[in-house]
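Participant: Residues per chain are reported as follows:
Number of protein chains: 2
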Amino acid sequence: VHIALHLPRQVPPAVLALLFAAVPPAPAAGPTAPVHPVWSEVAPGVWKATVGTAEDLTLLGAAGAAPALDRLATLPRAPFPFAPGEVEARTLAWKTALRLPLGETEDIYGLGVDFGTVRRNGQVFELHVDHWNRRAPTPGRTHAPVPLYVSSRGFAVLFDTARYLKVSVGHGVRLAAPRKPPVVDRTTRTIRPEDPSAPAVPAPWVSALRSDSIEVLANAPGFAVYVFAGPSPLDALRRYNLFCGGGALPPKWGLGFMTRLPTRATAAEVLADVAEFRRHRLPLDMVGLEPGWMSHAYPCSLEWDATRFPDPRGFLAALEREGLRANLWFNPYVGPPHGALRRRLEPFAGSHLVWNGAVPDFTLPAARALFQEHLRTAVLAPLPAAVGGFKIDEVDGYDRYLWPETATFPSGHHAEQLRQTYGLLVQRLVLDVFRAADRRTFGQVRGTNAGAAPLPFVLYNDNYDFTEYLTAVVNSGFAGVLWSPEVRGSDQPQDMLRRVQAVAFSPLALYNGWASPQRLWSHPQVLDAIRSVLLLRLQLLPYLYHTFAQYRYDGVPVIRPLPLVVGAAAAAAATEAGAPLDATANPYEAPAALKEIRDQYLLGDSLLVAPLAPNESARSVVLPPGRWYDFHTGAFVGEDTTVRVSPPTDRVPLFVRDGALIPRLAGERERAPARDERPVLEVWHYGEKPGSLRLYDDDGETFAHERGERGWTDLAVARAADGTWRGTATPVAGTRPWSYREVRWIFTLPSP
Amino acid sequence: VHIALHLPRQVPPAVLALLFAAVPPAPAAGPTAPVHPVWSEVAPGVWKATVGTAEDLTLLGAAGAAPALDRLATLPRAPFPFAPGEVEARTLAWKTALRLPLGETEDIYGLGVDFGTVRRNGQVFELHVDHWNRRAPTPGRTHAPVPLYVSSRGFAVLFDTARYLKVSVGHGVRLAAPRKPPVVDRTTRTIRPEDPSAPAVPAPWVSALRSDSIEVLANAPGFAVYVFAGPSPLDALRRYNLFCGGGALPPKWGLGFMTRLPTRATAAEVLADVAEFRRHRLPLDMVGLEPGWMSHAYPCSLEWDATRFPDPRGFLAALEREGLRANLWFNPYVGPPHGALRRRLEPFAGSHLVWNGAVPDFTLPAARALFQEHLRTAVLAPLPAAVGGFKIDEVDGYDRYLWPETATFPSGHHAEQLRQTYGLLVQRLVLDVFRAADRRTFGQVRGTNAGAAPLPFVLYNDNYDFTEYLTAVVNSGFAGVLWSPEVRGSDQPQDMLRRVQAVAFSPLALYNGWASPQRLWSHPQVLDAIRSVLLLRLQLLPYLYHTFAQYRYDGVPVIRPLPLVVGAAAAAAATEAGAPLDATANPYEAPAALKEIRDQYLLGDSLLVAPLAPNESARSVVLPPGRWYDFHTGAFVGEDTTVRVSPPTDRVPLFVRDGALIPRLAGERERAPARDERPVLEVWHYGEKPGSLRLYDDDGETFAHERGERGWTDLAVARAADGTWRGTATPVAGTRPWSYREVRWIFTLPSP
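Same order as they appear, the protein sequences are chains C and D. All residue numbers for the first sequence refer to our numbering, where the first residue is 319 and numbers rise by one. All residue numbers for the second sequence refer to our numbering, where the first residue is 319 and numbers rise by one.
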């Protein structure tokens, strides 16, 4: 409808004023007064407050988070970290603001898997699930923008909203703040006193002033806030992970090696590739099929392709005979329009397509049930046990490919809410399919969010920057998620090797050849070194599995950034001095890149990993407090110091704590142990201190461990009366016996 | 307040379910049905509809836009461009969505001053006032994110909201769309028919599918939409500019040359710099003082500094004797706390400081009045007429420096609204100070928005990429704003020259030496060429001034991108073919950079500007339809073609339409004509067609032209009976006579 209104050429000013009001008078009401949230302790050391009106769809809800209250009760007690009135909430029309105190020396970590920096102070984040992009001027758009921060003061805070969040960490000084930075004249670099006859005092001018607050703005009428007590930052993270239900425990085979095949590979080509792994004596446990396993992709039919995979059962049986599991790629955008799944899902789909595929509204139980039934009947049916998991692609909402934010969904949830939770929702529905069959799964996912700790999926992306990969590994430890770099080949043999070496010490060890003609054996000159590090990965499986069990039952992150290691925070402190003025490159004299530790981390309790970058043959390593030993040689490396190391090409810089016990599989092997296998365990002792470890084990494949079928064995190493090292292994009474037929002790330092 | 709630270690499932609901049942109500806006013609060829509930603070309101209805009535009539029901609005809780149709061959331009691309199709924009940053993955954050789009079908649409907007241009295919892209299997690159026995049809797979809609989502409960009819895209833009009140008409001296001095320069150093301009015979009309003119900066005292400028009146009088105007930098963040202005403004300031400065809530009349009074009494008072304008810095809301979005303001307006309108509000209050004194001003501003056409400020930023500078110049023509690159020196003489050459043909010709030790004369080997192009700029002042008068009274943009030139749109068409797959660099086979014209534009009716980039000695130029001639030599260059040109180093590639008349000042001069001067006019005729021009003139300094004191002279060139060219100048009866004492005719093609 349009109505023609012909105005005279000369309009009286009064009419004009009506049509185009100048800046109008201010609304009568100014901003409302802030309120102080009311906190309730909802689990031991976990407090919750609701600011404004919370919505029905939350991150923890979408993830299906169910607190492991019994495990939470084992953590040390710690007080609520804020003083009364220190936290303020405010409703700004349809948005909700929250202000939390930030101390002058408090360091903030977390706020999602960032690829650029680790310490958060002085930054502003827009937390959106998105492809990570190094070019974003305001960070926070990433595959896991988990709105959880960890304070060096020893607590963590979660903002549980499925809406976009903006978080300022110590940015934005308030007029009313009792503690404000000094007021410096930029021209003269002096503090100029009120009395003009008094002398000006020299002082540095700072472009980004630090405030006394963390400020949060959510596009939501309200949300729940959770506070996780410490006493240490690591305890706070453990509390968060356990509150989500505890971390994911993959099947043992999930900690082996995965390869992904070219997207158009046929069944025969896949099996030929597997034979090449055998021929080169390279470990392999999982074979990832890219979109070509489907009859239609982008959009996805989620049905086996009759041309490339004419006999899915025969193909899967062949993998099974090799002791391998298939991992199947999909994105949840369903098509073509005449496809069986698409036709059934359309009534439960959003208003917009993604790559011509219907977008199921997975907040609807009916949509989840349809999709799960399809996975069972059309995808897994040929040989269910041979499919170990899925790679869930493109659930990270990049504007150019995903549904626009104007899209509507039949549940009434908004496009923004679906973007923030879609990865969680798909992971959960896939997990439930496997859980119902009592088979564990370990897969990949491209987008996730808070509450994800129990979801057995590892994040990935299209990035290939080595430094940024490691930074993401570090940050994953603050976010309750798993993240792994991947190897996609390289023209440079040494680059290929370095990437494999880094991948070998991440949650999922993966070669992704989906669009590369290269394979792991493309560079003969580094093949032995590649084999060596992957065999080591397989040998370390008991240590890795134990580390994941700590994640599952104690909430301890698999990856531990240095600030989580007591006493190491100081070594990780960043510098903030302004860099020189440049009218174009740095007109605000912003500080240059911060100095912080982004390229090393602890994997589990005792192993410090410091990979060499491509084209690097030496590097510096900051040793956490205590005495550290070389993993490979057992030699003493240093104590409370930073060392420079230049190992042989085939060795990753790895360091072990004094007294640590590293449980390993004996011998060389190319597959993780099967459920009924009884391998030989080696326990390596490092350093001069006695050592002990309560080693976890279970069947490695089913959910029986959650039904009590799990066990621990106390390993101990001490000097005997004659001064020689002795090891003992004592099963913990009343728990499931371990699966090893024998234990061998290796003492890396000779007995005196 | 916090309440300790101690839970037992084992919690019954029912209690858990209450505490942490899994994905909840869907809300009862699905999305609401869309509504069709009701359009009213509020001015000739301008339709308005309000979707949802509009807010009190709008862009046009903040800009003080007052439609020039009498001028709008002179435009050709054109119909409302949309069919009934084609435009849909929808309320999504507290957001407002709008969908407009997009034709398969329709090209979209505008949506603000972007530095990367010109054509908008297939892109998604987040329109925020911000520092522009080439690294943003989703574009739209820029100094002028004007939410106005221009269609190649010949209309324009404005979304008048002071909230953030997200705009998808042809992205996001709807499930219900009648026209959808073909469904192609990516693996086989075929369309696979429903009948599996039918042959698959080869077809290209496209990563970003094109939709039939432009979709808009505003963070607002509603907003007004304006549709500006054509019939041509240029007419639509003219209608928009006139609806805002008509474009800015600078004083004549504003079209001369401006230099900006180092930030710590003293009065004596400024005057010494002016003397250097004289000594090198370089044009100069405006002298810009950076923060050092103030007693305190970052935050700003807005008071003359007693050390560097002990005698402001004497200093300004010295400039005035040289025929120069001062331009004074400020940002509106007021301090130090004990300063006079700060103390008075604090009750009207926002909750957060910027660089320790109070942020006046300029939507409050009291805050505007206080600031204006301060400008008059503390800044301009020493010698008002010698200050020609201001440089308004940092009104573009970069997250790291500006008030956070949690900030509150005493008017009750939100931080987001203030960010989107702050540049408009400050420009307007500064303009009003000059208007009240009946002196025109021409200044600089770093952030603006819709409605800005009448505001006499030119945008700038810290960028220094030559190509991006030119792209921004091109895009400014679609946005109703003025944008100029600037020269900040270069170590490379030729780079310096190329930058000066580009700046000479932009709205404001500026050397910005605020943080550079270099001056225009730092490279003797290019000084003559620099002088030559700046003298040409001054000579072209009658043409430039006439062009601005067209902007003022006819709404015609000063800068005209090629798509606005009839028939040239096809030449500017972009290609969209996908680029090769690369697992890391291009996993979605997205198209490579679009081929489009981003480095040439028309300045006024007749002059095609195609600057050479640094390190370029030749370039291609797409000639718009018709015959074009070399500006410098008058020689025929080409017709309906693309030419390659390699002019001498000191000449900018400039081309003139057949039959065009270019009015110039005779002789060489270093200052724009003063109000009482009567210079000699040269009229240059190009090509073989007769020419005519109704040349505008007025006093060049006051607002008398708005009170009727303006005039036109009809210039005509035609062949006499003997075949020789003859020119005539005839004043238009009843209008103000021009200021030239004599007119000389120059015919660039020899008479036959």
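These are computed hints drawn from the structure, not numbers from a lab. Just so you know, not all the hints are guaranteed correct.
One copy or two, it doesn't matter: identical chains are merged, so the pair holds either way.
[As the list claims (entries may be wrong)] Straight line, CA to CA, 20 Å or less: simulated SDA-like cross-link-like pairs of lysine to any residue: (1) K498 / V697; (2) K498 / H656; (3) K498 / S669; (4) K498 / E664; (5) K1007 / H656; (6) K498 / P997; (7) K498 / P1055; (8) K498 / P654; (9) K498 / P655; (10) K498 / R661; (11) K1007 / R1062; (12) K1007 / A1036; (13) K498 / E934; (14) K498 / A1047; (15) K498 / T951; (16) K1007 / A1047; (17) K498 / G1026; (18) K1007 / D976.
None of the values given here were measured: they were computed from a predicted structure.
Participant: Would you mind marking each hint as holding or not holding in the structure?
Facilitator: Hint-by-hint comparison with the structure:
no.	hint	verdict
1	K498 / V697	neither (61 Å within a copy, 29 Å between copies)
2	K498 / H656	between (64 Å within a copy, 15 Å between copies)
3	K498 / S669	between (49 Å within a copy, 13 Å between copies)
4	K498 / E664	between (56 Å within a copy, 16 Å between copies)
5	K1007 / H656	neither (67 Å within a copy, 63 Å between copies)
6	K498 / P997	neither (63 Å within a copy, 58 Å between copies)
7	K498 / P1055	neither (60 Å within a copy, 61 Å between copies)
8	K498 / P654	between (60 Å within a copy, 13 Å between copies)
9	K498 / P655	between (60 Å within a copy, 12 Å between copies)
10	K498 / R661	between (61 Å within a copy, 17 Å between copies)
11	K1007 / R1062	within (19 Å within a copy, 100 Å between copies)
12	K1007 / A1036	within (8 Å within a copy, 104 Å between copies)
13	K498 / E934	neither (44 Å within a copy, 51 Å between copies)
14	K498 / A1047	neither (59 Å within a copy, 67 Å between copies)
15	K498 / T951	neither (53 Å within a copy, 64 Å between copies)
16	K1007 / A1047	within (17 Å within a copy, 103 Å between copies)
17	K498 / G1026	neither (55 Å within a copy, 54 Å between copies)
18	K1007 / D976	within (6 Å within a copy, 92 Å between copies)
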